[in-house]
Every structure is written in C-alpha cells, then in structure tokens.
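> Sequence:
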Amino acid sequence: MDKVLQRAASAHRSTSRKLKKQKAAQKRGELFINRENFTRTQRQVKAVLDSARQNRRIDWETNTLAPRRDVGKDALTFGALPMHLYRAPELPYKKERVENLIRVGDRVVVTKGRDRSKIGKVTEVDADSLTCNVKGLNIVDVIIPAWQNQKDNREKPEVTAASRGVPLEDVRLVFPLRDPKDPNKVKDVVIEALEKIPGKGVRAIKGTNVIIPWPPKGKEEILQESENDTTMENVQEGTFSPPLLYEVMPTSVIDELRNKYSRFRTRFEHHEVEKIEQKKAANERREKLMDSMLTPLQENAQIRKTSTPKRELTDQQLEQIGQIMLAGRN
1 MDKVLQRAAS AHRSTSRKLK KQKAAQKRGE LFINRENFTR TQRQVKAVLD SARQNRRIDW
61 ETNTLAPRRD VGKDALTFGA LPMHLYRAPE LPYKKERVEN LIRVGDRVVV TKGRDRSKIG
121 KVTEVDADSL TCNVKGLNIV DVIIPAWQNQ KDNREKPEVT AASRGVPLED VRLVFPLRDP
181 KDPNKVKDVV IEALEKIPGK GVRAIKGTNV IIPWPPKGKE EILQESENDT TMENVQEGTF
241 SPPLLYEVMP TSVIDELRNK YSRFRTRFEH HEVEKIEQKK AANERREKLM DSMLTPLQEN
301 AQIRKTSTPK RELTDQQLEQ IGQIMLAGRN
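The sequence shown begins at 1 in UniProt numbering and counts up one residue at a time.
Careful, some of the hints might be misleading.
Claimed, not checked - Taking CB as the label site, the calculated pair distances span:
| id | residue 1 | residue 2 | range |
| --- | --- | --- | --- |
| 1 | VAL202 | GLU225 | 55 to 65 Å |
| 2 | LEU31 | LYS200 | 27 to 37 Å |
| 3 | ARG178 | ASN228 | 29 to 39 Å |
| 4 | GLY201 | ASP59 | 28 to 38 Å |
| 5 | PHE268 | ILE321 | 46 to 56 Å |
To be verified - Think about it this way: if two alpha-carbon atoms lie no more than 25 Å apart in a straight line, the pair counts; the simulated DSS-like pairs of lysine-lysine are:
| id | residue 1 | residue 2 |
| --- | --- | --- |
| 6 | LYS3 | LYS288 |
| 7 | LYS187 | LYS217 |
| 8 | LYS275 | LYS118 |
| 9 | LYS275 | LYS260 |
| 10 | LYS206 | LYS185 |
| 11 | LYS118 | LYS187 |
| 12 | LYS200 | LYS217 |
| 13 | LYS200 | LYS135 |
| 14 | LYS305 | LYS3 |
| 15 | LYS3 | LYS279 |
| 16 | LYS121 | LYS185 |
| 17 | LYS260 | LYS288 |
| 18 | LYS185 | LYS118 |
| 19 | LYS206 | LYS196 |
| 20 | LYS280 | LYS310 |
| 21 | LYS185 | LYS3 |
| 22 | LYS288 | LYS305 |
| 23 | LYS3 | LYS46 |
| 24 | LYS206 | LYS118 |
| 25 | LYS3 | LYS275 |
| 26 | LYS46 | LYS27 |
Hints listed in this document are in silico derivations from the structure and should not be mistaken for laboratory results. Virtual Cβ for every residue (Gly too), placed ideally from N, Cα, C.
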C-alpha cells in the first residue's frame, strides 16, 4: 500500500514539474508574440510618418502644383487611421512593470502632442498598453474596415471620430489642493509624480505625505425585484440532506467523476486495499520461493557474502594514505 501512495506522490510531483515548464514556455511564447506585435506596429507607424514627411516635402517643393491626395479611393479615408493602428499595441513584459496610479475618473493634463496643456477626464485605462483615453482629447479619424461595413449593411467605407489612447507617461494628474500661502484658497495643481504607500493602498505625491484620494467609483445599478424572482429565503433554504444508508448517486457515476484508475488516487475502498495487500503478499511469497530455489553454487556464494567480514584499513595503510594526501597538497 505504501508503494501505491509513493507512486501517487511521485506522479503529483512529476506532473507539477511538467505544468511548471509548460507555464514557463507559454509565458515565453506570449512575451515573444507581444514583442513581435509591438515591433511590427512601430514599423507601420514609422512607415506612415516617413510617407507623410515625403509628401510634405513634395508639396513644399511643387507649391501650387502639389498633387491632391484626397481624391479617388482615398477621398473619404484620407488622413484617417486604419483600425489596427488605432489601438496601441501591448507592451513587452518588462515595460509592464511600470506601476499605474491613474484611474478612471481622474482629471489629467496632456503634456505632449497637439492637445498639449489641455485638461480632461480619464474615461478608460488600458493596463496592457499603458495608455488612457481622455474625454474630448486626442480625437482621430478611424477607418471602419470593410467587414464591419458589410455587417452594418454600409455600401461605402466610412470614417468615424474616436478618442485615441494617450501614453500614461504623457499625462499628469490634476488635483485641487489648498494654496500654502492662502489656506482658504483651493486651486488645481499639476502633480508631477505619484507614489503608492505600501500596505495602505493609497497614493500620495512623491516625496511628501500629501495623500491623493482615488476617484469615486460609479454607483452600482440596483436591480428591482419582480414576481418571477426567487426570494432569498427559498435560496438559503436547505432542500437536500445526504443520506447515510445509501449512496447519493450510482457508483458508476462516482467512479467516472473521481477517475477510479487514476495514478494520482490516494484514497481507496476496503476491498481495493485488500486486493493491493493480497498482491503484495503474493509478491513476497514469490520472492521467498525464488530464494528457496537457489542452486548449491548460489547458496555457497550467498553464504560467503554474508559470512565474510568487512575489511578494515590497517594503521600502516592509513598512514600511507595520509602521506599521499599531504604530498598532493604540496
């Protein structure tokens, strides 16, 4: 019986090692995919910027003879972003370690881009790409893909305006604080850096003890009860008591749920334990029978092996070994 339990424990250990390796391999694969997606998106953005710079130079050199690019197939989509460039890519694993202290409902000011110095409220925070959507800021035109047009029964490609995510490193929190010169006056202050106080779950201005509260969460919708709802009394009422005289379900169903022949099994029924013990006793009898069937030569070798005492080293041999060890050190 002990061997069965040891075999189950060994199976648990080997399976846990395999699962650990699989999780590590899966994590490496996800990291590789994230890096590839990030690099590919950066290349596409760079290609768009290079094309725009080249077109701007051509327009400047040709002056009034500059070609019109908002015609033909680009008449409706000129200057708009494709859908795959609208959402920022997921950052690699190392960059995800940056702690995000901006939440939905915070007021922030944009420090870079065309909406620089504008203040707005955060409507969405993406932890994977470390970006946030600010209401009314960073509005871009997005091209609706063809499959979406077919789904919505649209004949022509359309362009919609949407707020694109702003990197969290390009926004700063705006919070009203009391003026140290005039305590009765409260004014909006741009907070350069925040830090999280460990163990308290609150944020504060970095290097100070000024705590900045989290934005209030929206009120949860209160569901109204109707006649078809089940009352809480009926939900909490116990309607089943397990019997002691018979099983709650057929034995075949129980064996199917707990996998009767699993190698991870550690609990057995009485007749199964007896079967394992009988098998163990049969193996012991077989070993004794094999020992009783030894040839005279095998019996003589076994007697010599058990009767011959272990040889011990003499003082002279120990002295020679010590001299060799000292010579090797020198």
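> Hint by hint, say whether it matches the structure.
Taking the hints in turn, this is what the structure says about them:
no. : hint                        : in the structure
1   : VAL202 x GLU225: 55 to 65 Å : violated, 37 Å
2   : LEU31 x LYS200: 27 to 37 Å  : holds, 32 Å
3   : ARG178 x ASN228: 29 to 39 Å : violated, 54 Å
4   : GLY201 x ASP59: 28 to 38 Å  : violated, 54 Å
5   : PHE268 x ILE321: 46 to 56 Å : holds, 54 Å
6   : LYS3 x LYS288               : holds, 19 Å
7   : LYS187 x LYS217             : holds, 23 Å
8   : LYS275 x LYS118             : violated, 79 Å
9   : LYS275 x LYS260             : holds, 15 Å
10  : LYS206 x LYS185             : holds, 23 Å
11  : LYS118 x LYS187             : holds, 16 Å
12  : LYS200 x LYS217             : holds, 18 Å
13  : LYS200 x LYS135             : violated, 30 Å
14  : LYS305 x LYS3               : violated, 29 Å
15  : LYS3 x LYS279               : holds, 12 Å
16  : LYS121 x LYS185             : holds, 23 Å
17  : LYS260 x LYS288             : violated, 32 Å
18  : LYS185 x LYS118             : holds, 23 Å
19  : LYS206 x LYS196             : holds, 8 Å
20  : LYS280 x LYS310             : violated, 33 Å
21  : LYS185 x LYS3               : violated, 78 Å
22  : LYS288 x LYS305             : holds, 19 Å
23  : LYS3 x LYS46                : violated, 64 Å
24  : LYS206 x LYS118             : holds, 23 Å
25  : LYS3 x LYS275               : holds, 14 Å
26  : LYS46 x LYS27               : violated, 28 Å
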